[in-house]
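Which chain is which? The protein sequence lines are L and U, in order. Count along the first sequence from 1, then add 6; that gives the number in the working numbering. Count along the second sequence from 1, then add 140; that gives the number in the working numbering.
Read the hints as simulated data drawn from the structure, not as lab findings. Cβ atoms here follow ideal geometry from the backbone N, Cα and C, with glycine treated the same way. Be careful, since some hints might not be right.
[Claimed, not checked] Keeping only pairs whose Cα atoms sit at most 30 Å apart, straight-line, the calculated DSSO-like set for lysine-lysine is:
1. L/K13 <-> U/K181
2. U/K196 <-> L/K13
3. U/K196 <-> L/K71
4. U/K181 <-> U/K143
5. U/K143 <-> U/K196
[Claimed, not checked] FRET-style restraints, in silico, Cβ to Cβ:
6. L/S94 <-> U/V145: 37 to 43 Å
7. U/T184 <-> L/K13: 28 to 34 Å
8. L/I69 <-> U/T184: 46 to 52 Å
9. U/T158 <-> L/G22: 34 to 40 Å
10. U/N169 <-> L/E92: 31 to 37 Å
11. U/T158 <-> L/I69: 22 to 28 Å
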Amino acid sequence: SAVISQKPSRDICQRGTSLTIQCQVDSQVTMMFWYRQQPGQSLTLIATANQGSEATYESGFVIDKFPISRPNLTFSTLTVSNLSPEDSSIYLCSVERGVPYNEQFFGPGTRLTVL
Amino acid sequence: EDKVVQSPLSLVVHEGDTVTLNCSYEVTNFRSLLWYKQEKKAPTFLFMLTSSGIEKKSGRLSSILDKKELFSILNITATQTGDSAIYLCAVQETSGSRLTFGEGTQLTVNP
Chain L
7 SAVISQKPSR DICQRGTSLT IQCQVDSQVT MMFWYRQQPG QSLTLIATAN
57 QGSEATYESG FVIDKFPISR PNLTFSTLTV SNLSPEDSSI YLCSVERGVP
107 YNEQFFGPGT RLTVL
Chain U
141 EDKVVQSPLS LVVHEGDTVT LNCSYEVTNF RSLLWYKQEK KAPTFLFMLT
191 SSGIEKKSGR LSSILDKKEL FSILNITATQ TGDSAIYLCA VQETSGSRLT
241 FGEGTQLTVN P
């Protein structure tokens with residue numbers, strides 16, 4: 007498996023502000039992903055964080071709202087901008103590891119509440 | 141668009157019971173199906189299935205995939221209260237690594 011840490015574990019933010027979530031992995035990985043889990047729902051992929059290039063966003067998610075950085079192969083950040091109550095969710099990073107079929111492992115998650 | 145449907149959506153059993161959770165899927169170019177257990181925030185990896193008919197086991201948990209009928213089952217025998225969680229099924233295409241998740245099955249095991 008992989009040891010993945012996320013910071014912060016939880017936060018309460020005011021409407022209109024932004025929150026940056028950090029994801030750190032214990033060793034280099036090629037693929038890192040950011041997911042969102044809204045209350046009572048399943049996980050939805052926001053984007054794939056690509057090292058050295060712009061993130062690849064899924065339909066319905068845009069860079070202005072969810073800017074992502076991937077400065078190296080062990081670290082990524084997700085910023086949730088211009089927060090509204092609808093952004094209250096759990097945000098999870100995941101990494102892919104394994105040969106030949108790559109298993110995905112998740113970080114501990116960040117619970118965001120927007121007031 | 142990929143689709144994953146899990147059933148039942150919720151299940152309440154007594155300790156010692158055996159449960160079977162179902163996952164059916166529609167995906168254009170199937171690569172793998174994954175099962176996760178989610179207790180608080182983070183989904184914990186259970187199994188990855190890529191081939192039909194090969195059962196994967198870990199303790200009291202086992203899972204099998206049927207690529208012809210497009211479904212998988214997750215069995216838990218001799219359930220314990222610690223098995224109470226949401227069990228998530230996800231599929232992955234050959235074209236990339238993105239996971240498409242089902243809604244999950246909320247399992248509650250009562251003492």
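Compare the distance between the alpha carbons of U/K143 and U/K196 with 30 Å, and conclude whether the hinted pair is satisfied. Holds, at roughly 23 Å.
Verdict for L/S94, U/V145 (Cβ pair) under range 37 to 43 Å: Between L/S94 and U/V145, where Cβ atoms are some 26 Å apart, the hint is violated.
Whether the CB-CB distance between U/N169 and L/E92 falls inside 31 to 37 Å: holds, 33 Å
For the hint 46 to 52 Å, verify it against the beta carbon of L/I69 and that of U/T184. violated, 30 Å
When you take the CB atoms of U/T158 and L/G22, is the distance between them in 34 to 40 Å? About 51 Å separates the Cβ atoms of U/T158 and L/G22, which means 34 to 40 Å is violated.
Hint check: U/K196 vs L/K71, CA-CA at most 30 Å. Holds or violated? Judged against 30 Å, a Cα distance of about 40 Å means the pair is violated.
Does U/K143 sit within 30 Å of U/K181, going by the straight-line distance between their CA atoms? With a Cα-Cα distance of about 23 Å, the restraint between U/K181 and U/K143 holds, given a limit of 30 Å.
Hint consistency between U/K196 and L/K13 [alpha-carbon to alpha-carbon, up to 30 Å]: Violated - the C-alpha atoms of L/K13 and U/K196 are around 34 Å apart, more than 30 Å.
Within 28 to 34 Å or not, the Cβ separation of U/T184 and L/K13? For U/T184 and L/K13 the Cβ distance comes to about 20 Å; the hint is violated.
Taken at face value, is the distance from the CA of U/K181 to the CA of L/K13 at most 30 Å? Roughly 13 Å separates the two Cα atoms, so the pair holds.
22 to 28 Å was suggested as the range; check whether the CB atoms of U/T158 and L/I69 agree with it. At roughly 47 Å between Cβ atoms, L/I69 and U/T158 fall outside 22 to 28 Å, so the hint is violated.
When held up to the earlier numbered hints, the structure conflicts with 2, 3, 6, 7, 8, 9, 11 and fits the remainder.
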